[in-house]
Amino acid sequence: MESKNLKINVPDGMRDLVFGDCRRYSAIERRLAEVYESLGYREVRTPALEYLEVFDGGSALPRERMYKLTDNSGRLLALRADNTMPMARVAATKLLGELPALLYYNQSVFAVQSENSGRAGEIMQSGVEIIGAPAPRGDLLCIYTAIKALRVLGLPFKLELGHVGFFNSLLCELELTDEAKTDLRRLVNAKNAVLLGSFEGLEKSQLARLRRIPLLYGGEEIFDEAEEVAAGNEGALIALEYVKKLHRLLEEAGLADDIIIDLGIVHEIDYYTGAVLRGYTAGAGEPILSGGRYDGLLESFGHSVPATGFAINVGLVAERLANAGVGENGGAPDVLIHYPGHEFAKAAELAERLASEGKRCELSCFGSEEEARLYAAARGILEVVVL
Amino acid sequence: MIRLALTKGRIESEAIALLERAGYDCSDLAEERRGRRLIFRTGGEELEIVLAKAGDVLTYVGHGVCDAGIVGSDTIAEQGSDACVLLDLGIGRCRFALAGKAGQWRGIGHRRLTVASKYPNVTRRWFARRGADVEVVKIEGSVELAPLLGLADAIVDIVETGTTLRENGLEVYEVISDVSARLIFNMASIKLKKAETDELVRRVQVAIGS
Numbered sequence: 001m002e003s004k005n006l007k008i009n010v011p012d013g014m015r016d017l018v019f020g021d022c023r024r025y026s027a028i029e030r031r032l033a034e035v036y037e038s039l040g041y042r043e044v045r046t047p048a049l050e051y052l053e054v055f056d057g058g059s060a061l062p063r064e065r066m067y068k069l070t071d072n073s074g075r076l077l078a079l080r081a082d083n084t085m086p087m088a089r090v091a092a093t094k095l096l097g098e099l100p101a102l103l104y105y106n107q108s109v110f111a112v113q114s115e116n117s118g119r120a121g122e123i124m125q126s127g128v129e130i131i132g133a134p135a136p137r138g139d140l141l142c143i144y145t146a147i148k149a150l151r152v153l154g155l156p157f158k159l160e161l162g163h164v165g166f167f168n169s170l171l172c173e174l175e176l177t178d179e180a181k182t183d184l185r186r187l188v189n190a191k192n193a194v195l196l197g198s199f200e201g202l203e204k205s206q207l208a209r210l211r212r213i214p215l216l217y218g219g220e221e222i223f224d225e226a227e228e229v230a231a232g233n234e235g236a237l238i239a240l241e242y243v244k245k246l247h248r249l250l251e252e253a254g255l256a257d258d259i260i261i262d263l264g265i266v267h268e269i270d271y272y273t274g275a276v277l278r279g280y281t282a283g284a285g286e287p288i289l290s291g292g293r294y295d296g297l298l299e300s301f302g303h304s305v306p307a308t309g310f311a312i313n314v315g316l317v318a319e320r321l322a323n324a325g326v327g328e329n330g331g332a333p334d335v336l337i338h339y340p341g342h343e344f345a346k347a348a349e350l351a352e353r354l355a356s357e358g359k360r361c362e363l364s365c366f367g368s369e370e371e372a373r374l375y376a377a378a379r380g381i382l383e384v385v386v387l
Numbered sequence: 388m389i390r391l392a393l394t395k396g397r398i399e400s401e402a403i404a405l406l407e408r409a410g411y412d413c414s415d416l417a418e419e420r421r422g423r424r425l426i427f428r429t430g431g432e433e434l435e436i437v438l439a440k441a442g443d444v445l446t447y448v449g450h451g452v453c454d455a456g457i458v459g460s461d462t463i464a465e466q467g468s469d470a471c472v473l474l475d476l477g478i479g480r481c482r483f484a485l486a487g488k489a490g491q492w493r494g495i496g497h498r499r500l501t502v503a504s505k506y507p508n509v510t511r512r513w514f515a516r517r518g519a520d521v522e523v524v525k526i527e528g529s530v531e532l533a534p535l536l537g538l539a540d541a542i543v544d545i546v547e548t549g550t551t552l553r554e555n556g557l558e559v560y561e562v563i564s565d566v567s568a569r570l571i572f573n574m575a576s577i578k579l580k581k582a583e584t585d586e587l588v589r590r591v592q593v594a595i596g597s
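In order, the protein sequence lines correspond to chains A and B.
Residue numbering for the first sequence follows my numbering, beginning at 1 and increasing consecutively.
Residue numbering for the second sequence follows my numbering, beginning at 388 and increasing consecutively.
In case anyone wonders, no lab produced these hints; they're calculated from the structure.
Quick reminder that beta carbons are idealized off the backbone N, C-alpha and C, glycines included.
Among the hints, a few may not be true.
What the hints assert, rightly or not - A few chain A residues that face chain B, going by a derived Cβ cut-off under 10 Å, partial list only:
1. P156
2. N192
3. G197
4. T281
5. G283
6. G285
7. E286
Unchecked claim - Lysine-lysine pairs mimicking BS3-like chemistry, simulated, CA-CA at most 30 Å apart:
8. B/K581 - A/K158
9. A/K148 - A/K244
10. B/K440 - B/K525
11. B/K395 - B/K581
12. B/K440 - B/K580
13. A/K68 - A/K7
14. B/K578 - A/K181
15. A/K181 - B/K581
16. B/K505 - B/K395
17. A/K204 - B/K581
18. A/K244 - B/K581
19. A/K245 - A/K181
20. B/K395 - B/K525
21. A/K245 - A/K158
22. A/K148 - B/K581
23. A/K245 - A/K148
24. B/K578 - A/K204
25. A/K245 - B/K581
26. A/K244 - A/K181
27. A/K244 - B/K578
28. A/K245 - B/K580
29. B/K395 - B/K580
30. A/K245 - B/K578
31. A/K158 - B/K580
32. A/K244 - A/K158
33. B/K580 - A/K244
34. B/K580 - A/K148
35. B/K578 - A/K148
36. B/K488 - B/K505
37. A/K148 - A/K158
38. A/K68 - A/K94
39. B/K440 - B/K581
40. B/K578 - A/K158
Isolated chain B (complex conformation) (with noise of 0.2 Å):
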């Protein structure tokens, strides 16, 4: 059997959808006959789901607890891992944008930026390949307020609609890269389990058509 960690909010439903199009019985997950738990089986014994927040897939898979995971590719490049990103599963998609009071933005300039963001280690790596001198405040919110409240001249986050942001009197100033749900493997999981990993990959890809 395989443990699977699967992200829990804003990809969860659509994962365990794609999953049910893979042939696996995701019932014992439905709202009614979920309680408190955090693990469960799929009908045919073939996956243990387990709900976790997105750094925490990658932890559990990165220490070997879980063989699998679905995370955002958004987590990944915040966090890093070391698991195999072997399936992009095209859903969850946004984007990664750098955002800001509309008609404000200046670019890069001598000045030092203020930057806001959930995704501080993006942030800085993304600046820093253009040598900028940026000054990053991690926020754990909603990060709209910080420029709004003039606490950060630009927030970098992950933008769906930009909707939240058009209210908010914000918009996306550059995109920086696209986000979306990867399933990850544990290195150790697919060599000692290559004939269940390699049987999940394939239901999984004929379920998403790639």
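Chain A on its own, in the form it takes in the complex (with noise of 0.2 Å):
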């Protein structure tokens, strides 16, 4: 086993960030925060620990994945997982009186990854719910919402729009044990269109059929093969009525440049009930937005109410914008004050004054006129005043 000196390095999967990372975060969150309350929104934040069973539901995020301790008498307690559950749970416990509510947070969710895979630990999201609002308003409102959010981060993105009713309707009239129910949901949602082709189990005509459904993403035109797979199976019918619908209205708003589809979205979180959404940008191997409607979800915390949502993953989104190069410079403030010790309040005086002109000034921490102009140069400070 190699050794490691605990003090000096953090876990597996958790990162410091530091300046420009910051910078960016703190960005990213603020112009979200500011699209989210444009359109009606109210924040909410929910404790970083909760009791297990709040994420147990829809296994977001299965429990041996979730980072756990106890509470002092010996409960399980869970580090935030998944920020849906709770926001339904604070939804079904204390806004049941002033539906619908437009919720919105900034927070992060944990999940323990996989030794050396290179994957956060800690993932910073900004996202909104919609609770109390049913289809197709609910959704349209949904989608809107996440348009205006990635617009808003300056980066060139694809917004996916899917039902999770198209999958799971061709599944129903399927004679499988659950097992292998759960095994061909994991196939089409990893689109193995292989392992679907050997599948055992099924007839040739139903496999020929579930082997279409991994490859019904793209454009508008994938409606026409999508009505083929679907023929016969009224679910899968109406779920692929309803996206149409959805599409026709968005182009209608001049907002279906924007969007793409795959009806071959299972998902892997069990909560989602209707409309399914995933944001992808160049670049980012996984979404960077994922959502979509959970109306059996706030039943698990005692009160029926359909609910639908996304979440944004900062930190990809950071990502990218790191490696477009934006939010590197600045940062540095416009005015270093060099002052002689006992002249701290004409200093500060100074730097009120400054301050108030808009300028950003720091107030120097050196004995030796020297060393401040070295320290201004190295830190990209312009100006030196020197009292």
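If you follow the hints, you should be able to join the two separate chains into one complex; please do so.
Take a look at the structure:
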């Protein structure tokens, strides 16, 4: 076992954010919050620790991958493993009197990642939940918010629209064990056309149909093929009609250019019940936005209320922006004020005056002017004022 | 342009021949022109080909720094992957097999077995499905040595012709599954570069005659 000085290292998957990273994270969170607030959303913050049961309902994250600890009575707690479940808990316990509730949040979720995978264990998410708004109005608001949010990030993007009802209805008519259905769901979700084609226990015609599902992605040209795949299955046809209807309404609003379709979205998260969303940008290997409708989730907190929402992965967005050189410079103050020790009052007065002119100024921590000038040069501070 | 990670070694030459048949000019990868470079371009600039070890192909495609990859299903089974597996290329065919000293297999009984493998996850899963309690030992090189030296009762490995097994007095006890090379894609890449990835799939499909 390699010895590690635990005191000077961070645990696997955890990261320090220094300067430029923080600037990008803050800017993204601030801009997104402005979009959400401009559309009437209100902020909610939930505790970092919850009873593990809160996260147990929808398998957003399997128990094994949650960061767990115990409270003083030995009950299991989990570090926030998902944002939607705590938001649903808040809505079901505190907001039922004021529905619909438009909520937004900027807070991290935590997931244990496999060793050396290079993936973050703490993921900053910025997202919304629309509680108490049924389809299609809730979905339209959600998609509209997602597009506005993605646009403000300054990255080229595509927002993908799907519907879990399409695959789920086709799955329903197959006579398979629950275990086999879980396997099928996993294969369709991963677009594993190869293993799907050799799936055991199904007839040739059923296999031929299943194999086409992962390939039902692209623009509206896929609707015709989707119709063939769904033929004879009422649930799948209803889901398809609904996606077409959303697409038409978005098109009429001039928003369809940013939209792509994937009817093969199954989602690894069980709690989704209707339209689902994913956002992609070039260079990020995974979605920068993920979400959808979860009409059954509040039931697990005792109330049946329709709901939908999405979360944006702030870390991934920040990485892409860093890659594009955004937010690399900046952060250096405009002026360094160097002053003799007894002249602090003058220095403070000058700092106030410069601040009122909109200049950022730093008070020198050095005793000698020479050191102060060297520091200013290294730090990129263009002006040094010596009192 | 699509960036494709190609597994070095066992399936490399077959994969390059397949890409050539699919109409991609891979002369940049020819032995005499290759040198020590790791990144190559096809003649028409349609593909950028990256040579990598099998496990790294999955890592690069998973993170999205490569759009596509050609890798054996043995590595996908062992390492797990969230990439889209769109085509079975039918090359690099072999089988996962449980093997050991000829005539010595007693089956899964009450005795705790020790099994050596380069594929500990595949091994553990296969025995776990049978409810068997086994000790899995990870071996890096020639796994055949482990039963010969008395470290393991059996091995789980990929077997092509079985010659190495036979020459060392070993035999296949049971075939676990078939293995072949797959064409995989990053999920975001197939969405954002659909026209290009569709074209690659179509041309490779024609080349393998499926």
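Here's how the hints hold up against the structure:
Against a cut-off of 10 Å between C-beta atoms, the interface hint on A/P156 holds, since the closest Cβ of chain B lies about 9 Å away. With its C-beta approaching chain B no nearer than about 4 Å, A/N192 sits inside the 10 Å limit, and its interface hint holds. Interface hint at A/G197: satisfied, since its Cβ lies 8 Å from the closest Cβ of chain B, which is below the 10 Å cut-off. With its C-beta approaching chain B no nearer than about 8 Å, A/T281 sits inside the 10 Å limit, and its interface hint holds.
Nearest Cβ of chain B to the Cβ of A/G283: about 7 Å, under the 10 Å cut. The hint holds. About 2 Å separates the beta-carbon of A/G285 from the nearest beta-carbon of chain B, less than 10 Å, and the hint is met. A distance limit of 10 Å between C-beta atoms decides the matter here; for A/E286 the minimum to chain B is near 7 Å, and the interface restraint holds. Proximity of B/K581 to A/K158 is assessed by CA-CA distance (about 12 Å); at most 30 Å being required, the pair is judged to hold.
Restraint check for A/K148 and A/K244: the C-alpha separation of about 21 Å stays at or below 30 Å, so the hint holds. At roughly 18 Å between alpha-carbon atoms, B/K440 and B/K525 fall within 30 Å of each other, so this suggested pair holds. Our distance criterion of 30 Å between C-alpha atoms is met by B/K395 and B/K581, whose separation comes to about 26 Å. A C-alpha spacing of about 25 Å is found between B/K440 and B/K580, which places the hinted pair at or below 30 Å, so the restraint holds.
With a C-alpha separation of about 21 Å, the suggested pair A/K68 and A/K7 falls inside the 30 Å cut-off, and the hint holds. A C-alpha spacing of about 26 Å is found between B/K578 and A/K181, which places the hinted pair at or below 30 Å, so the restraint holds. Proposed proximity of A/K181 and B/K581 is supported: the alpha carbons are some 28 Å apart, at most 30 Å. Between B/K505 and B/K395 the alpha-carbon distance is near 17 Å, which keeps this suggested pair within the 30 Å criterion.
Between A/K204 and B/K581, the direct Cα distance comes to roughly 28 Å. Compliance with the 30 Å bound is thereby established for this hinted pair. The suggested pairing of A/K244 with B/K581 holds, with an alpha-carbon distance near 20 Å, which does not exceed 30 Å. Taken as a hint, the A/K245 and A/K181 pair is honoured in the structure, with Cα atoms around 29 Å apart against an allowance of 30 Å. Of the pairs offered as hints, the one joining B/K395 and B/K525 holds, with about 22 Å between alpha carbons and a cut-off of 30 Å not exceeded.
For the hint linking A/K245 to A/K158, the alpha-carbon distance of about 19 Å falls within 30 Å, and the restraint holds. Annotation: proposed proximity of A/K148 to B/K581 holds, straight-line Cα distance about 24 Å (limit 30 Å). The hinted pair formed by A/K245 and A/K148 meets the criterion: a straight-line CA distance of about 20 Å does not exceed 30 Å. Proximity of B/K578 to A/K204 is assessed by CA-CA distance (about 28 Å); at most 30 Å being required, the pair is judged to hold.
Of the pairs offered as hints, the one joining A/K245 and B/K581 holds, with about 23 Å between alpha carbons and a cut-off of 30 Å not exceeded. Among the hinted pairs, A/K244 with A/K181 is consistent with the structure: their alpha-carbon atoms are about 27 Å apart, no more than 30 Å. Among the hinted pairs, A/K244 with B/K578 is consistent with the structure: their alpha-carbon atoms are about 19 Å apart, no more than 30 Å. With a C-alpha separation of about 26 Å, the suggested pair A/K245 and B/K580 falls inside the 30 Å cut-off, and the hint holds.
Our distance criterion of 30 Å between C-alpha atoms is met by B/K395 and B/K580, whose separation comes to about 25 Å. For the proposed pair A/K245 and B/K578, the alpha carbon gap of about 22 Å is at most 30 Å, so the pair holds. Proposed proximity of A/K158 and B/K580 is supported: the alpha carbons are some 11 Å apart, at most 30 Å. With a C-alpha separation of about 17 Å, the suggested pair A/K244 and A/K158 falls inside the 30 Å cut-off, and the hint holds.
Taking the CA atoms of B/K580 and A/K244, the gap is about 23 Å. The hint holds against a cut of 30 Å. For a cut-off of 30 Å, the pair hint linking B/K580 to A/K148 stands: about 23 Å separates their Cα positions. Under the criterion of a C-alpha separation no larger than 30 Å, the hint pairing B/K578 with A/K148 is consistent with the structure, at around 20 Å. For the proposed pair B/K488 and B/K505, the alpha carbon gap of about 18 Å is at most 30 Å, so the pair holds.
Distance restraint check for A/K148 and A/K158: the Cα-Cα separation of roughly 12 Å lies within the 30 Å cut-off, and the hinted pair is therefore satisfied. A hinted pair counts as satisfied when its Cα atoms are at most 30 Å apart, and A/K68 with A/K94 qualifies at roughly 26 Å. Between B/K440 and B/K581, the direct Cα distance comes to roughly 26 Å. Compliance with the 30 Å bound is thereby established for this hinted pair. Of the pairs offered as hints, the one joining B/K578 and A/K158 holds, with about 8 Å between alpha carbons and a cut-off of 30 Å not exceeded.
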